[in-house]
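Q: Now for the letters of each chain:
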Amino acid sequence: MKKDPKIIVFCCNWCSYAGADNAGVAKVQIKPHFRIIRTMCSSRIDPELIIEAFKKGAWGVLVLGCHPGDCHYKNGNYKTLRKVKLLKRMLAQFGIEDDRLRLDWVSSNEGEKFGKVVNKMIDDIEKLGPLDLSYAETEVE
Amino acid sequence: MRIGVYVCHCGGNISEVVDINKVVEAAKLEGDVVLVKDNSHLCSNDGQTLMLNDIKEYKLDKVVVSACSPQFQGLTFMRVMETAGLNPYVLEMANIREQCSWAHYNFPKEATDKAIDLTKIAISKVRLDTPLDSKKMPIGKRVLVVGAGIAGIQASLDLGDAGFKVYLVEKEPSIGGHMAQLSKTFPTEDCSACILSPKMSDVPANKNIELMTYSQVESITGYLGNYEVTVNKRPTYVDPVKCTACGDCVPVCPIDVPDEYNEGLSLRKAIYITSDIAVPHSYVLDTDHCLGLFPLACSKCRDACEADAINYDLYPEKVKFTVDTIIIATGFDIFDAKKKPMFGFGKFENVYNALEMERIIGCEAEGKKLAEVGKKIALIQCVGSRDEQINREYCSRVCCMYATKLAQLMKRSDPKKDISIFYTDMRTYGKGFEEYYKRAQKSGVKYIRGRVAEIEENPDTKKLKLKVEDTLSRSFIESEFDTVVLSVGLEPNKGTETIRDILRISKSSDGFLQEAHPKFRPVDTLIEGVFLAGTVQGPKDIPDAVAQASAAAARAIRLMNQGEYEAEPITAWVDEDICAGCGICVGICPYDAITSEEQSDGTRLAVVNEILCKGCGSCSGACPTGASQQKWFDITQLRAMLEAAL
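Those protein sequence lines, which keep their order, are chains A and B.
Residues are numbered in my numbering as their position in the first sequence, beginning at 1, plus a constant of 124.
Residues are numbered in my numbering as their position in the second sequence, beginning at 1, plus a constant of 6.
The hints are simulated quantities; they were obtained by calculation from the structure and are not laboratory data.
You may find that some hints are simply not true.
Stated by the list, open to error - Simulated pairs of lysine to any residue, SDA-like, Cα-Cα distance not exceeding 20 Å:
{"#": "1", "chain 1": "B", "residue 1": "Lys469", "chain 2": "B", "residue 2": "Ala377"}
{"#": "2", "chain 1": "A", "residue 1": "Lys130", "chain 2": "B", "residue 2": "Ala377"}
{"#": "3", "chain 1": "A", "residue 1": "Lys180", "chain 2": "B", "residue 2": "Thr642"}
{"#": "4", "chain 1": "A", "residue 1": "Lys151", "chain 2": "B", "residue 2": "Gln77"}
{"#": "5", "chain 1": "A", "residue 1": "Lys151", "chain 2": "B", "residue 2": "Glu116"}
Said to hold, decoys possible - Over 12 Å on every C-beta distance to chain B, these chain A residues come out as not near it, computed from the model:
{"#": "6", "residue": "Ile160"}
{"#": "7", "residue": "Gly219"}
{"#": "8", "residue": "Tyr259"}
C-beta: ideal position from N, C-alpha, C; glycine also.
My request is simple: use the sequences and hints to build the entire structure.
A: Written out as C-alpha cells, the structure reads:
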C-alpha cells in the first residue's frame, strides 16, 4: 500500500499560524498530509526538535515564520533563518536531502501562499518518499 | 489526571467534513482521558454550560477543546476554565475547523484522520500543562496618537474628553490632514473646512491634549502600559504665543515655493501659514527653502515682525514621554497619476488629479479659477485603483462618490458645463450614496461605463482627446474635452512605514496596516495596546474614519480604565541546575529581559526579568543545555506533540 507522506509544519503564532487559519477561512484546499505545531515565534524551534521530527518518522519539516521585518518579536525570524541554514549543512552530512527541511515566510493574510507552500512541499516530498534512517540506527548499535 | 475532551460540530462547519464519532472514539482511547463529548456549538451558552457542569461533575482537571482556531475562540474557552475554577492554561485547543475541515473539505477521510491526530496532539500537550499565573501589570491613562487628520483628531478628542492624557503628534505644521483640503464632503455637500475647523480648534482647547505639530515619532520602546516615546520636534522659528498671524513677514520674503496645501496650484513663501484654518494658527519658517537663518543671508522676515516672534536660534528638540497605549492614524497619500503615463498627468496642461480639482473648487482666492477649466470636462475613475497592472487590486472606496460630488459642484457653478464620468463600476454602498448618484444623473452628469485607454493633447488648442470603449453600448468613443480630472485612488501614507517599522505592525497585501481580526477586532493590531484609526487601515470615507477613530479610542480606554491588566504568563524561565551561564540567551533576547548574573561561587547564571519578557521563546530555542525553557512551550511538551503527530 502506498504510504501517505508525513510532514511537520512549525508555525509561529502571529504570522504563519494565522496564515494557516486564513487559508482555512478562504477555503484554500491543501493536501492534508501535514500536522502543524504552533509556537509563539519560529525562533523557539530548537534545531534538536527538527532532528527529532526526522528521527520520529517525519518525511519533511517545514518551518514558517513572519516575513523579514515583520517579526512580532522584532527579529526572531532572522534567528530562525540562521539556525535553519546551519542545520541544513549538518543534515546534508547525514545524507538527508536538502528539500526535506524548508523555511519560508507566510504572513497572517497569506492563506493563499500558505496553501501553495505546503502543497509544493508535499508534492516534492512525495517524490522523495519516506526518510530512511535505518543505516544510522545500525551504526549506532 | 482527569482530562475532558470536547469535540465541536460547529453547526456543520466541522461535522460536514470530519466524522465526529471517529474523533470521539479515538479520544476515548487516550490515557488520562476520562470524558469525551461532542456538541453542535461548544462556544454557545449551552456548550459552555455543558463544560462547566462536566468539570464539576466529573472532577476534570484539564480540558481539550477540538473546535476552531485558538485565535478565534480561545479566550472564550479560557474564560470557561476560569469560571469553573480551573487555570486557563491547562486548556488546549485542537484546530479542527480552519486548519482541518475547511482546508481539507475535498479530503473527508484524511481530514478525519487529521482531526484525530490534532486532538491527540492537544491531549499530549495538555498532559504536561501546568497552571500558570497571569502577571498583574499596572497601566495608566496616557495615549500617543500619531497623525492629526480627522481620525487622529477624533480619537484624541474622545480620549481627552474621557479624561485621558493624549499626546497628539503631527508631522505637518497644522493639524487637519487631507480633510482640510477638500471642497465639500459627499453626499451631504457640507463645506469640509467649515465642519472640520471647529474640531481642529477643539484640540488645543482640550486641557488633556498635548499637541505636537511639525513633529515626528522617532522611536518607541517598551510594552503595553509603558511605551517610551521619543518625538523629534522641528523648530518653526516663529513663537506661536507671540505670533499674531498678522502676515507682515510674508510679503518681504523673497522665496516662492509651490503651496502644498493648494497641491502646487499656487505659490507660498518660505515663511507661511498652511491655511486660513491652520491649527496652531501661527506662521512657520520652512528651512528647506529659506535662504538661511542668519542676518547676512536675508533676515527680512525677522526685521518685519513687529511682535518680535521670529527667532533663528532654535534647534530640533527631542521630546521624551511615556504612554500606556498608542493609536496610529497616519492616513493616506493619493496615488501618483504619473505612474499611469497614458493619462498625461504632469505633462498635459489640462489634466488634473481630483485633489487639485478639490482645491480649484475650494479656494476661491488663489490659483486657478473654476471658470477657467472650460465647459467640457471628463472625470476618469479608478486611476490607481482596481488596476492589477500597477499592483493595486483594491477599490479605493471614495472615488465614485467624490467624482460625483465634483461633477455636481462644477455643474452647479455653471449649469452649461458638460460633464462626463468614465467609470468601471459605480459603487454607491454608503448611506445616501445611491440617492446622491441618482440626483447627479438627473442634473445631467453623464456616466459612461468604460476604462479610458489613452489621452491625446492637441498641441495648439491644449484640448484633450479621450479614447474609450463604452462597454454598455459597445461603441467606441473618441471625444474632445477642455479638462480631464483623474479620480486618483488612496494608497498607504509614506510616513506610515516609519511607524510600522518601529512597532512591527503587519501590513495587508494592499500595503495598508493589518487589523487583528477582520470581523471582531477591526481597530486592534496584534501588538498589545496599539490601535488603528482611519485610512491607515484601508481606504475609507470620513464617517467611517471617524467611527473607527472613536472605536480605537474606546478600545484603548477599555484597556486603560482598569488600572491594571493581565499579561500572558508564557514567559521564559531558567533551570538553575542546568544553566551553564554561557550567556547566549542574554544576547539573543530581543527585549533585554535576560541578564547573566554572577553567583557567590563565581559561576554565572541567566536570570529572566518576567516583566520585560514577552514570551517569544527565542532564548529557549538557542539554549545549548536546555536550561532556558518557555512556559507553556516547554521542550518536553513540544517533544510530546511531535510524538503524537508522527
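Q: Hint by hint, note whether the structure agrees.
A: Consistency of the hints with the structure:
1. B:Lys469 / B:Ala377: Distance ~16 Å between B:Lys469 and B:Ala377 Cα, so the pair holds.
2. A:Lys130 / B:Ala377: violated (72 Å)
3. A:Lys180 / B:Thr642: Answer holds: A:Lys180 to B:Thr642 is near 15 Å, not above 20 Å.
4. A:Lys151 / B:Gln77: Holds, at roughly 17 Å.
5. A:Lys151 / B:Glu116: holds (16 Å)
6. Ile160: Since the minimum Cβ distance to chain B is about 6 Å, A:Ile160 lies within 12 Å and the statement is violated.
7. Gly219: At roughly 20 Å from the nearest Cβ of chain B, A:Gly219 sits farther out than 12 Å, so the non-interface label holds.
8. Tyr259: holds (20 Å)
Of the numbered hints stated above, those contradicted by the structure are hints 2 and 6, listed in ascending order.
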